[in-house]
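**Q** Listed below are the residues making up each chain.
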Amino acid sequence: EPEVTQTPSHQVTQMGQEVILRCVPISNHLYFYWYRQILGQKVEFLVSFYNNEISEKSEIFDDQFSVERPDGSNFTLKIRSTKLEDSAMYFCASSDPAESSYNEQFFGPGTRLTVL
Amino acid sequence: DQQVKQNSPSLSVQEGRISILNCDYTNSMFDYFLWYKKYPAEGPTFLISISSIKDKNEDGRFTVFLNKSAKHLSLHIVPSQPGDSAVYFCASTGANSKLTFGKGITLSVRP
Numbered sequence: 139e140p141e142v143t144q145t146p147s148h149q150v151t152q153m154g155q156e157v158i159l160r161c162v163p164i165s166n167h168l169y170f171y172w173y174r175q176i177l178g179q180k181v182e183f184l185v186s187f188y189n190n191e192i193s194e195k196s197e198i199f200d201d202q203f204s205v206e207r208p209d210g211s212n213f214t215l216k217i218r219s220t221k222l223e224d225s226a227m228y229f230c231a232s233s234d235p236a237e238s239s240y241n242e243q244f245f246g247p248g249t250r251l252t253v254l
Numbered sequence: 007d008q009q010v011k012q013n014s015p016s017l018s019v020q021e022g023r024i025s026i027l028n029c030d031y032t033n034s035m036f037d038y039f040l041w042y043k044k045y046p047a048e049g050p051t052f053l054i055s056i057s058s059i060k061d062k063n064e065d066g067r068f069t070v071f072l073n074k075s076a077k078h079l080s081l082h083i084v085p086s087q088p089g090d091s092a093v094y095f096c097a098s099t100g101a102n103s104k105l106t107f108g109k110g111i112t113l114s115v116r117p
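Protein sequence lines, in the order shown, are assigned to chains A and B. So the mapping is simple: this note's numbering equals the position in the first sequence, first residue as 1, plus 138. So the mapping is simple: this note's numbering equals the position in the second sequence, first residue as 1, plus 6.
Chain A with its partners taken away, still in its complex shape (with noise of 0.2 Å):
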C-alpha cells in the first residue's frame, strides 16, 4: 500500500540553525501539507501546497518557514532560523481529490524536531 515517507525520524538542532525537513508523498496525489504537533498539543495546520504553489497557509508559518518540491516526488519544509518553540512532530500529508470526496489527507511518520 503507498504511503507517505520523511526523513529524518528525527532532527536535533541548535536554536538559530537552519532545518530541511523531508516528505516523499504518495505518488499520484497532488496536495500536500505540513501539520506539527508540539507536546501536549493539538496538531495544527502549517501549511497547504498545490500546482507547485502555496494555497493555504497559518499564521504559525511566518517568513522563517518554506516550502518546495524540488522534483516530482520530494516535498521538503525549510525552516530558516529555529527558535526553541519550534520543537514539535511535523507531519507532511498528501491527498488526492479523485480518490475521496471528503478530502482525506494520508499521514506520514512524523519527523521529531528538538532545538536546543
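Among the clues, some could well be false.
[Stated by the list, open to error] Label pairs and their computed distance ranges (CB to CB): (1) 235(A) / 60(B): 16 to 22 Å; (2) 87(B) / 145(A): 29 to 35 Å; (3) 114(B) / 208(A): 41 to 47 Å; (4) 207(A) / 64(B): 33 to 39 Å; (5) 60(B) / 147(A): 33 to 39 Å; (6) 20(B) / 166(A): 39 to 45 Å; (7) 62(B) / 200(A): 39 to 45 Å; (8) 166(A) / 100(B): 18 to 24 Å.
Keep in mind the hints are simulated off the structure, nothing from the lab. For each residue, glycine too, the CB sits at the ideal point set by N, CA and C.
Once you've looked at the hints, dock chain B against the given chain A.
**A** Leaving out everything else, chain B in the frame of chain A:
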C-alpha cells in the same frame, strides 16, 4: 482557536463493549468530518469520515454520527478491541483544504 473540541481527554472501556468518542465543532461551514487514529511515534491514520449532508456513515465496527443542528459528531466502535487503544482525533475540513483537529482523546480498551 477552538473550532473543533474534544472535551474528554480519555476514555476507558472493557473489551467487547461500545466506545463512544464525542466531538463538537463551531464552524458551520465545514463540509466534511474525519476521524483519525494515532499510535505513539506514528502519524495519524485515517479511520472514517462523513459528509455534512449525511447523518451516519458506517464501516465495519466503526460508525460516525453527525448532528448538524447540535454541531456534534460521535464515533462509535463496537465491539471495542484492545488493538483499538490509541489517540483518536476528530478533524473538520472544506474541500481540498486544511484539516482542523481537536485535541484528541486517548482510548484504552481493557482486556
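**Q** Would you say the C-beta atoms of residue 62(B) and residue 200(A) sit inside 39 to 45 Å of each other?
**A** holds (41 Å)
**Q** Is 33 to 39 Å right for how far apart the beta carbons of residue 60(B) and residue 147(A) are?
**A** holds (38 Å)
**Q** Using the C-beta atoms of residue 166(A) and residue 100(B), is the stated range 18 to 24 Å upheld?
**A** holds (22 Å)
**Q** Just tell me: holds or violated, for the beta carbon distance of residue 114(B) and residue 208(A) against 41 to 47 Å?
**A** holds (43 Å)
**Q** With respect to the beta-carbon atoms only, verify the hint that residue 20(B) and residue 166(A) lie 39 to 45 Å apart.
**A** Between residue 20(B) and residue 166(A), where Cβ atoms are some 42 Å apart, the hint holds.
**Q** Does the hinted range 33 to 39 Å hold for residue 207(A) and residue 64(B) at CB?
**A** holds (37 Å)
**Q** Take the C-beta atom of residue 87(B) and the C-beta atom of residue 145(A), compute their distance, and say whether it sits inside 29 to 35 Å.
**A** holds (33 Å)
**Q** Return holds or violated for the Cβ distance of residue 235(A) and residue 60(B) against the range 16 to 22 Å.
**A** Hint holds: Cβ distance 18 Å, inside 16 to 22 Å.
The structure shown violates none of the earlier numbered hints.
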